[in-house]
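Engineer: All chains should be built: construct the whole structure from the sequences, respecting the hints.
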Amino acid sequence: MTPLSGAARPEALEGAAKFTVRDLDFYYGDFHALTGMNIDVRENSVTAFIGPSGCGKSTFLRCLNRMNDLIPGTRIDGTITLDGEDIYGPGVDPVDLRRRVGMIFQQPNPFPMSIYDNVAFGPRLHGIKKKEELDQIVEQALMRANLWKEVKDIMERGGLTLSGGQQQRLCIARVLAVQPDVLLMDEPCSAIDPTSVQKVEDLMAELKSSVTIIIVTHNMQQAARVSDETAFFLQERQGEPAELIEFGRTAEIFTSPHDRRTEDYITGRFG
Amino acid sequence: MGKRWANRIALGVLWLCGITTVLVLGAVILYVFVRGIGQITPEFILTRPYGVNAEGGIGPTIVATIYVTGLAMLITTPIAVLAAVYLAEYAVQGRLVNAIRFAADTLASVPSIVMGLFGFAFFVEAMGLGFSVLSGALALSFLMLPIVMRATEEAIRAVPRFIRWGSYGLGASKWQTVSRIVLPSALPRILTGLILAMGRAVGETAVVIFTMGQAINMPFTPLDSGRSMTVHLYTLAMEGINMDAAYGTALLLMVMILFFNLSARWLTARNRKVKE
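If you read the protein sequences in the order shown, they are chains B and V.
Under my numbering, think of the first position of the first sequence as 1, with each following residue one higher.
Under my numbering, think of the first position of the second sequence as 1001, with each following residue one higher.
Since the hints were derived computationally from the structure, they do not count as laboratory data.
Given the structure is predicted, the values throughout are model-derived calculations rather than measurements.
Some hints here could point you the wrong way.
[Claimed, not checked] Reference listing, derived: stretches of chain V covered by chain B, where coverage requires no fewer than 3 residues with Cβ under 8 Å from a Cβ of chain B:
#1 1149-1163
#2 1178-1191
[As the list claims (entries may be wrong)] The calculated label-pair distances, taken between Cβ atoms and stated as ranges, are:
#3 B/K152 / V/L1023: 53 to 63 Å
#4 B/N44 / V/F1162: 21 to 31 Å
#5 B/I154 / V/F1162: 20 to 30 Å
#6 B/R22 / V/F1162: 29 to 39 Å
#7 B/P72 / V/I1100: 10 to 20 Å
#8 V/F1162 / B/D25: 20 to 30 Å
#9 B/R237 / V/A1269: 44 to 54 Å
#10 V/F1162 / B/K129: 26 to 36 Å
#11 B/D69 / V/L1107: 33 to 43 Å
#12 V/N1098 / B/G73: 11 to 21 Å
#13 V/L1107 / B/D23: 45 to 55 Å
#14 B/I154 / V/A1158: 20 to 30 Å
#15 B/E201 / V/L1107: 50 to 60 Å
[Claimed, not checked] Which residues of chain B face chain V? A partial, calculated answer using Cβ under 10 Å:
#16 N65
#17 R100
#18 Q107
#19 P108
#20 P110
#21 P180
Heads up, the beta-carbon is just placed ideally off N, CA and C, and yes, glycines get one too.
Structural biologist: The following block contains the structure:
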């Protein structure tokens, strides 16, 4: 075992830790899915989770906004803190947490309602009713998601009438409208066309000055392009829990990984 | 050569069996249409029957039918939809839920004459509601409940989980997700279930004959008795009073039910188009 395995934090990086994860184990019923995860996610940066399919990247991502709570029979050990506060602590409402930690999914999932109502959905949930206020939030969110120019004249059209890439940016706008601190993106580009991928990647670079971004991706080039730090996940044997093998600056992970398994994966020897 | 012929014969038999369904429906509709169309006049629809041979119209029976179906609808919808929401979204899947589903399915297969008898004993006699639109509506709602409940449950389950997750991901609570995202998305399919259940209620005879009575009067309050179109049709035909009026009634009844079924189809088709 290399000293980096599991508790991976190669060197002090500038910027405060947004998420701090310590000794995390995760179970789906009897199935032990993740073990011994330790990671610090730096504020206002892009962190990429890479690894072969089924290695627990998405499961780990969903621990960070307690989305796994929605799946019956799931359980975690260890701690996850957001800005120093234990998100699994007593008195933490997962509903409030999810407003602060927004999520984008693989499949663009606009609600079956107008573009405007999609973006206004979150603010309305949290009690904003005034038309002018909503108009302003919707416009700002769509601008931040680089979608405003394309949709400003068709706001009453259904969200599902947009193209796949536009739908994904609409979903990003919808999340931005509730002003999250963190954006979790679960393979956000795997179901959209290449031009849209470019747009979403540009968007991440723009957003990271104000939002901490964590992206799960199958695409190593994408991880190399967009992220500041990269974490490599691996389930070594079927039936055993997945582990965090290595975590560090993206440039380092891709040029001089410390762990043999990381090197094998990024040079395409398996996966 | 032999193979080709076998293929042709098989195809022919299949085609014949398929077409039989259409022919049976066509024959019934055509027969009722030919015998009944002569009766359909504004007077027949609007006026009340008179005289020993029930001449005149069937106005009150149309009103009673719509009245009792509408009332049954009002009773059924909230219970069925909320029960389905509970089953699909909240209940811990297990024995109780399976028991509820089994009960609903069994309820749907209780012979309607038995349901009528129960309605008579319970609503008419024990609860003292008498032969009334209300008794009829309550008994009919028993019949509609499982249909609407299962349709709603399936509609709710058909809402993709990605859409729910989108809502939860924005910090929506469970109830906010169910009421603002899941139910609106499921609405077209729920409506389809409701319409089919209404069609079933409009065509129901045994239940209403036991609970709403047979008196031909125009019902005003829910406690008035009334005669549904089906009961009117039954009485006219079985007692041989006025066969022409019976066919006229039958035709109107079929038009109503056809209308319900076509609306359901239209809703389903439109829903499919929106999804694509």
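Engineer: Do the Cβ positions of V/L1107 and B/D23 conform to the proposed distance bound of 45 to 55 Å?
Structural biologist: holds (52 Å)
Engineer: Kindly confirm whether 20 to 30 Å is satisfied by the beta carbon distance between B/I154 and V/F1162.
Structural biologist: holds (23 Å)
Engineer: Are V/F1162 and B/D25 spaced within 20 to 30 Å by their CB atoms?
Structural biologist: With Cβ atoms ~27 Å apart, the hint holds.
Engineer: Taking 29 to 39 Å as the stated bounds, is the beta-carbon spacing between B/R22 and V/F1162 within them?
Structural biologist: holds (31 Å)
Engineer: Range first: 11 to 21 Å. Now tell me if the beta carbons of V/N1098 and B/G73 are that far apart.
Structural biologist: holds (18 Å)
Engineer: Looking only at beta-carbon atoms, does the pair B/N44, V/F1162 fall within the given range of 21 to 31 Å?
Structural biologist: holds (28 Å)
Engineer: Between the beta carbons of B/D69 and V/L1107, is the distance compatible with 33 to 43 Å?
Structural biologist: holds (35 Å)
Engineer: Given the range 53 to 63 Å, decide if the beta-carbon distance of B/K152 to V/L1023 lies inside it.
Structural biologist: Once the Cβ atoms are compared, 57 Å apart, the range 53 to 63 Å for V/L1023 and B/K152 holds.
Engineer: Next item in the hint list is B/R100. Is there a CB on chain V closer than 10 Å to its CB?
Structural biologist: holds (8 Å)
Engineer: Does the Cβ pair V/F1162, B/K129 satisfy 26 to 36 Å?
Structural biologist: Distance hint for V/F1162, B/K129 holds at roughly 28 Å.
Engineer: Can you tell me whether the CB distance of B/E201 to V/L1107 sits inside 50 to 60 Å?
Structural biologist: Distance hint for B/E201, V/L1107 holds at roughly 56 Å.
Engineer: Could one say that the CB atoms of B/P72 and V/I1100 fall in the range 10 to 20 Å?
Structural biologist: holds (18 Å)
Checked against the numbered hints listed earlier, the structure breaks none of them; every hint is satisfied.
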